[in-house]
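2 protein chains.
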Amino acid sequence: MSRGRVTLPTEVGAEQASLDLIARLGADAVRNSDGTELPAGAADMVEKVYATYFVARGDQEWAQAHPDQLQQIYLLSERVTATAEELTIDPMAGYFAEQVRPDVEHDPAEWWEVIDRTTGAVVPPERWAVTADGTVRVTGATPWHEYTVTFLAWQLWDPTQMYNYLTNHWQGTGRAKEMPYDARHPETWDHMVTSLRTWLAAHPEVDVVRFTTFFYHFTLVFNDRAEEKLVDWFGYTASVSTIALDAFAAEHGYRLRPEDLVDAGYHSSPFRVPSKPFRDWLAFQQRFVAEKVRALVAEVHAAGKEAMMFLGDNWIGTEPYGEHFAGLGLDAVVGSVGSAATTRMISDIPGVRYTEGRLLPYFFPDVFRPGGDPLGEARQCWVDARRAMLRKPLDRIGYGGYVSLAARFPDFLDYAAQVAEEFRTLHDRAAGTAPWTAPVRVAVLNHWGRLRTWQTFMVAHAMHYKQTYTYLGAIEALAGLPVDVTFLSFAEVMTAGVPDGVDVVLNAGAAGTAFSGGEVWADPRLTTALRAWVHAGGGLVGIGEPSAHLRGGRTFQLADVLGVDQEVGLSLSTDKYAEPRHDDHFVTADLPGAPATGEGARNVYPTGPATQVLRYDAEVQVATHGYGAGRSVYLAGLPYTPDNARLLHRAVLWAAGHERTPAWWSDNPAVDVAAFPDAGCWVAVNSTLEPQSARVTLPDGEVATVALGAAGSAWADLG
Amino acid sequence: MSRGRVTLPTEVGAEQASLDLIARLGADAVRNSDGTELPAGAADMVEKVYATYFVARGDQEWAQAHPDQLQQIYLLSERVTATAEELTIDPMAGYFAEQVRPDVEHDPAEWWEVIDRTTGAVVPPERWAVTADGTVRVTGATPWHEYTVTFLAWQLWDPTQMYNYLTNHWQGTGRAKEMPYDARHPETWDHMVTSLRTWLAAHPEVDVVRFTTFFYHFTLVFNDRAEEKLVDWFGYTASVSTIALDAFAAEHGYRLRPEDLVDAGYHSSPFRVPSKPFRDWLAFQQRFVAEKVRALVAEVHAAGKEAMMFLGDNWIGTEPYGEHFAGLGLDAVVGSVGSAATTRMISDIPGVRYTEGRLLPYFFPDVFRPGGDPLGEARQCWVDARRAMLRKPLDRIGYGGYVSLAARFPDFLDYAAQVAEEFRTLHDRAAGTAPWTAPVRVAVLNHWGRLRTWQTFMVAHAMHYKQTYTYLGAIEALAGLPVDVTFLSFAEVMTAGVPDGVDVVLNAGAAGTAFSGGEVWADPRLTTALRAWVHAGGGLVGIGEPSAHLRGGRTFQLADVLGVDQEVGLSLSTDKYAEPRHDDHFVTADLPGAPATGEGARNVYPTGPATQVLRYDAEVQVATHGYGAGRSVYLAGLPYTPDNARLLHRAVLWAAGHERTPAWWSDNPAVDVAAFPDAGCWVAVNSTLEPQSARVTLPDGEVATVALGAAGSAWADLG
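Protein sequences appear in the order of chains A and B.
Mapping of the first sequence onto this note's numbering: residues 108 to 826, in sequence order.
Mapping of the second sequence onto this note's numbering: residues 108 to 826, in sequence order.
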C-alpha cells in the first residue's frame, strides 16, 4: 500500500484510533477542528500537523474588552404595512437576539434607513426615531404603504461557531459564544498580528497553519427560533462596520447606502445583477483582505510554517479567482468537496502550491450512527469528485470530524482506504501530466465571469435548491468533461468581445438573474458582439432562459441566434409550429428518449423552420440552429445525470463545429475516460453506483472494452 | 314533445332532411350559412327564417370596382439581422400573397415604419425605400442589429371566407375570393346601406337578418403555406385604413403609429397591457361601428324584420359589453358555444331581446364521418354549457353545418333531440325566474374589466392553449357557480376603489399580462386601494401570478395580503419555511389530495407562519391568509375540473367570510344544483360523462339524494 496525500482529523483522547486510521488510509497529515485540541504527540503520528487558527474570533477576551470593535452586519427588518399615519417597526422581529444586536451607539439617523417599499422612497430621518424599547416609530407614513428599517447591527456570535454550538449542543459546556472582531480597527488588527506571532512561537509542533478563515464570514443569519434565516455563501453583508464604511467613502468618493447591501431583501446575493456600488464594495473589501492576508501569511512563513486557507466560513473578500489571490503567498487551500464542480472550484485555484479537498461524509453523528449510510455517501462523493479529479486533480484529500465515530464503521474505513489508494494511483499514473482535452474551449458567460469560477448557481455551499439544480447540472457536467472551461463576464464581452481561443459561449440560468444576465441584454454592445462572433463561426449554447430580457418583441434577446424564443403569454396570437425530428443528430445521438429538464424553462418554441427541434413535449427541450458560419444549441434544462453530461458534451462539440466524436470516446455516458498521453496511460471510471461497461475508442481507432463494478475504475497503458 | 327555441341549418337540396330534423328536434327556425342558399319553401318549414348577411363582403362587384376602398391591415415583417450597413427586408416573407398585398399606393414613408428592434429606434424614412421588387432596402444600418418593417397592406381575401374556402376545398368551384371593403369610405358606406335596403325588399321570406357580422374581422392572417399565422379573436389590427387613421388623427389630435397596433409583434393582443393609443383606437372604432350598426339595424327594422348579430368573424368594434352596445337596437345575438364561459359570454349580453347559442359539433365532415364521435362531442358541449345555462340561460340554441351529414348519425340525433327537450324544460320550469344565488359577488380584476366580460384569457375563440387553460379554468368554474360575477378594471379601482357590493376580488393570470396586470402593480393607488379594502373585510382570491410585478423586493405586490410570494431566483438566500396542514379547512374540505394546478405558478412560498398552507409540493398550491378583517386565498393554478370548480367555490365563500356551506349544497362537486325559488323547483345536473350521485342539502336542512346517469339531470319541486 502507498502512503501520503491524505489528511485525517485527530484530537486529544483519540490517539490510538487516529493511529489506526492513519495506517489504514496511509495518511501523512493530521488536523484539529473547531472545538477539538491536537494531542501532544500529533507530530509523531505523521509528517505534517495542521492547526486550525481563527484570526477574527480566537481571542474572546479581546472581543469582550473591545465591544466597539466587533464585526457588524446590515440587516433588513420585516416589511410592515402602515394602517395609519404612524407605525411601529421592530427591527429585531424574526432575528435571533443571541446572534445580532442593533447598533444604536452609532447614530441610526446616519447609519440606518427607513424605506417606503411601495414607492421606493427613503423616509427622511426627521420622520422616524428609535424608541427606548428598540422599535422604530415612523410618523407621517402613507397608510397602506409597506415600510422597512435597514439597520446596522453588532454581530454577537460568529455564525459558524454558533452553528457548531447549537448543532452539537455545547450549551452547558461552559464554552464561550465567540464574537467576531473587525480587522479594520487598527488596534484590533495589531492585536491579530501579535496574537498570531505569539501563537506561532508557542506551537513549534505545527507545520501548517490552517486559517479558518480570515476576517469576514459569509452571510449566515438565524431567526428567532434559532433556525437558518439567511444564507449566502458569497454574502458580503456581514463584512461591514462604520469604520469600513467611512473608509469606503473616503476611498470611493461616495457613501454606500444601507440599501446597496440589503438590496430590498435580496441581500445582494450573487443571483442579483450586481450594482455598481456593490461591485465597488467587493473590490474595496478584496483589496483590504488581500493586504491583511499577505501580512499574516508573511508571519507564518517567518515562523517557518505553511499557510493554508480554508475555503469557507470567514472567506469573504479572499475571492480565490479574484485579481489579488495569486499574490497572497498562501501555500495551500483546503475546502469541502460536495460535487465535481466544488472539486474544480478548489483544484483550479491559481497561485497556491497545493490544494486539498475534504471528502464527505464528515465523521459526525448525523451519518455515523446506527442506520446511517456513511459508505453510500462516501461512494457518491467519490464518483462525483473523481470526474473532476480526472480533469484537474486536487493535490490532497482528507476527512473531518471525530475519529472515534468512523472507527465503528469498518466497511466505510475499507472504502476510505480504497479511495485514498485510488487517489494516490491517479497521481502516480498521471505523474503530474495533463489529461488529453478536446480542442474546444467553453466560456461560461454571466455577470461574474472569472471571479466566480466554478461558483455559479450556488446559494449555500453545495446545497440542493429546487431553483438551481437544473443549472448547476451544466456546471457539474462541465467539471468532468474533457474540454477547456473558462468563465467570462458580460463586461468583458462588451468591452473586448469574446476572447480569442473561446470556441463555445454558454449562457444558462433563470431570467433576470446574474447568471442569465437580466437587463444587460438590453445593451446592444453585448448582443451585437455575440451575434457577430457566432456568425463568424462561434458556438452558443443556451440553457434554460439564456439572454432572457423581455424587450422589443423578444423574450430571448438572442432568439435570432438560438432559433428559439420563450412564450411568456404575450405572443399567443402568433401560431407556433414545431416539427420535432427525433431521428439521428450528433447532439442527441446518445439520448434515447426525452431529456431530464428538471426545473428548466417552460414554453420555449422554435422561431421558424430553420430551427431543428430535436426533443419536444409541447415545448422545446433540445434544439439546434445555424447562424452564419456559427451554430447554437438550446437546452431547456440540464440537471446533472450522466446522460445530460453527454448531451452537453455533444452540444459543445457540435456548437464548436466538431461533428465527429473525438478520441477517448466512451459509448456509455456513465463511463468517463481520461487519457494521459505524456504519462502513457488512460483510465476509465464508472460514475454511477451500478455496474457499467463501455467501449472506448482509442486514438488509433481501436476499441477497448471495459467492464466496471459500481463506482469502479480501471487503468490501462497506452500501446 | 315540446317545440321551439331551436334553430337548424337548411339549404337547397336538403329540404326533406331538414323537415325530418325540424320535427325531431322541435325546431322553430331555420338558417343558411356562408356558401349555402335557403330553399324556396323555408318559410313554410318553421316560424322563422334567418338569412346570413355579409355587410362588408357581400358584393364582390363593388369590391372589384373600388380597390382603393378595400379594408386594410397593419402587418409586421420578419425580423432581419443586419450583417452590414445595408440590408434588405421582404415585408411579405412568411405571409400569404393571396390574402394580403402591401399598400404602396399610399406613401410608405408616411404609413410604414422601419424599426431597429435592438435599440427600439425608428429608422428615418430617408434611410430606407421600397424597391421595385417590393422589398425594403435599408441603408446606414448598424451591423448585428435586428430590423423590422411595419407595413400597411390591402386585405385581398376575407379571412373567414378564406378559411371556409380552403378548408372546404372550394378551389375550382368558380366561387369568388371575397375581398372586404371599408365602411369608412362614404361611397362604400352608402353602398352598404342601399344594398341592404334592396336586399331587404327582395327577401320577404326572411324574418331575421343574421349579420355575419358588420365591418371589421378579428385578426386572422395566414402564412405562406396557407396555414394560420396570426389569430386574435379580439384583434383590431385588421380594422385600419388610411381614411380611418386620418379620421383618428383629426379626432384625437395625434396620429397613431403603426407600432401602436403591431406592438413589436404582439399585435396588441388582449394579453398585452393595453397602451393609451391602443385604447384610444378601440374607443374610436367602437364609436364608429356603433353609429353604423344603428343605421343598419334601423333599415332592418324599417323592413319589418329582426336584426341578429353573429358574435364572431367581423365583430370587431361591436364589443357586446362596451358602452354602446345596449343602445344599438339589435334584437338578438347568436354565437358559438364551446364552454360554460362562452355560454355566459353570450347569455349575459345586455340590451338584446334574446340570445342564441350554436352548439357543437357543427354538422361538418371532420366530426360527422365514419369513426367520428359526434355524440361524445355533443354530450361534452352540453354538460359544459348547461352549467352556465343554469345561472343565465340562453334563450335559444341551434346547430350549424350540413343537415344531410347529421342524418347519418341517429344516436346523435336522438341526443340532440334530448338536449332540445332538456333546454326547453329548463325554460318551462324556471319560467323566466332567476336561480338562487349565494350572497357573494365576485369581481374579476384585470386591465379590461367589464368590456371583456367572460372574454378573458381567450386567444382564438374557445381554443385550448397550453398557456391559458389554467386560468380559463377559473372563468369556466365561475360561469357555473351560484355566485354573482362581475368584471372590474384596474382603472376603476384606482379611481373609485372596489365598487360597493363586491365581496371578493379575483386576480388571475401570468405575470406581465393584462389579466395579472403587469406594471400597473407599481401604482400605489392600486395596491393601497386593495389593501385598505381587504383589511376592512374584503376577500381576495389570487390565482397563478396575481399582482406579479418584480419591484421593491417583492414579486407579488400584494404578498402582504396574499401571504405568499414567488421565488424568481433572486431571494434564494432567504430560507423558506412551509408547514403545510392537510387537515380540515373549509376551502379544501372537498379536495382529497393534490389539486390539479395545470400550468400554474411555480416556486410560490408562504411569506411567514401566519399563512396557512393547505396544499404544498415543494411550492404552494393552495394557501389562505388573514389580513385585518379580510381574507385571501391563493391558488397556484385552476384548470377546470369539477373538483377545482368546488375549490374555487369554497375559496370565494371563505374569502367573503362565509364559512358555512350555503343552501342547495351538493356534496359531490360533479353534481351542480340550481334552485328557482320563485318557480318552486330545483334541478341537479351531472356535469360529467360518468354516473354520479349526490346528497343535496335543501334550505330547510333536509337532504335529498339524487342519482344521475352520465350527463343526466333531474328536476324536483320545492316542498
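To be clear, the hints were calculated from the coordinates, so they are not data collected in a lab.
Honestly, I wouldn't trust all of these hints.
[Claimed, not checked] Straight-line distance between alpha carbons at most 20 Å, and here's what the computed EDC-like set of lysine to aspartate or glutamate pairs gives:
(1) K336/B <-> D682/A
(2) K573/B <-> E335/A
(3) K683/B <-> D214/A
(4) K683/B <-> D724/A
(5) K573/B <-> D724/A
(6) K683/A <-> D331/B
(7) K573/A <-> D682/B
(8) K573/A <-> D331/B
(9) K336/A <-> D331/B
[To be verified] Covered stretches of chain A, going by a simulated chain B footprint (3 or more residues, C-beta under 8 Å):
(10) 180-192
(11) 220-232
(12) 280-288
(13) 334-347
(14) 561-575
(15) 624-635
(16) 670-680
[To be verified] One-sided excerpt, in silico: chain B residues whose CB lies under 7 Å from chain A:
(17) R208
(18) K383
(19) P384
(20) Q574
(21) Y576
(22) A617
(23) R638
Idealized CB from N, CA, C, for every residue including glycine.
We went through each hint and held it up to the structure:
Annotation: proposed proximity of K336/B to D682/A holds, straight-line Cα distance about 5 Å (limit 20 Å). Among the hinted pairs, K573/B with E335/A is inconsistent with the structure: their alpha-carbon atoms are about 38 Å apart, more than 20 Å. Distance hint between K683/B and D214/A is unfulfilled; the C-alpha atoms sit about 33 Å from each other, more than 20 Å. Simply put, K683/B and D724/A have alpha-carbon atoms about 31 Å apart, too far for the 20 Å limit, and the pair is violated.
For a cut-off of 20 Å, the pair hint linking K573/B to D724/A stands: about 11 Å separates their Cα positions. Pair hint K683/A plus D331/B holds up; C-alpha atoms about 14 Å apart against a cutoff of 20 Å. For the given pair, K573/A sits about 12 Å from D682/B by alpha-carbon distance, which is consistent with the 20 Å threshold. With a C-alpha separation of about 43 Å, the suggested pair K573/A and D331/B falls outside the 20 Å cut-off, and the hint is violated.
Note on K336/A and D331/B: the hinted pairing is violated, with a Cα-Cα distance of about 57 Å set against a maximum of 20 Å. Note: the stretch 180-192 of chain A has 3 residues with beta-carbon separation from chain B under 8 Å; the three-residue rule is met and the coverage holds. Residues of the stretch 220-232 of chain A with a Cβ under 8 Å from some Cβ of chain B number 4, which satisfies the need for three, so the listed coverage holds. Counting residues of the stretch 280-288 of chain A whose C-beta sits closer than 8 Å to any C-beta of chain B gives 0, which falls short of three, so the coverage hint is violated.
Restraint check on the stretch 334-347 of chain A versus chain B: 7 residues with Cβ-Cβ distances below 8 Å, three needed, restraint holds. Note: the stretch 561-575 of chain A has 5 residues with beta-carbon separation from chain B under 8 Å; the three-residue rule is met and the coverage holds. A count of 3 residues in the stretch 624-635 of chain A with a Cβ less than 8 Å from any Cβ of chain B is obtained; the coverage claim is therefore met, three being the minimum. For the stretch 670-680 of chain A, the proposed coverage by chain B is satisfied: 7 residues have a C-beta within less than 8 Å of a C-beta in that chain, meeting the threshold of three.
With its C-beta approaching chain A no nearer than about 21 Å, R208/B sits outside the 7 Å limit, and its interface hint is violated. For K383/B, the interface hint is violated, since its Cβ never comes within 7 Å of a Cβ in chain A; the closest pair sits about 18 Å apart. For the restraint placing P384/B at the interface with chain A, the shortest Cβ-Cβ distance is roughly 17 Å, beyond the 7 Å limit, so the hint is violated. Interface restraint check: Q574/B against chain A, minimum CB-CB distance 5 Å, threshold 7 Å, status holds.
Restraint check, Y576/B versus chain A: the minimum CB separation of about 12 Å is more than 7 Å; hint violated. A cut of 7 Å between beta carbons decides the hint on A617/B: the least distance to chain A is about 4 Å, and the hint holds. The beta carbon of R638/B comes within 4 Å of a beta carbon in chain A, closer than 7 Å, and the hint placing it at the interface holds.
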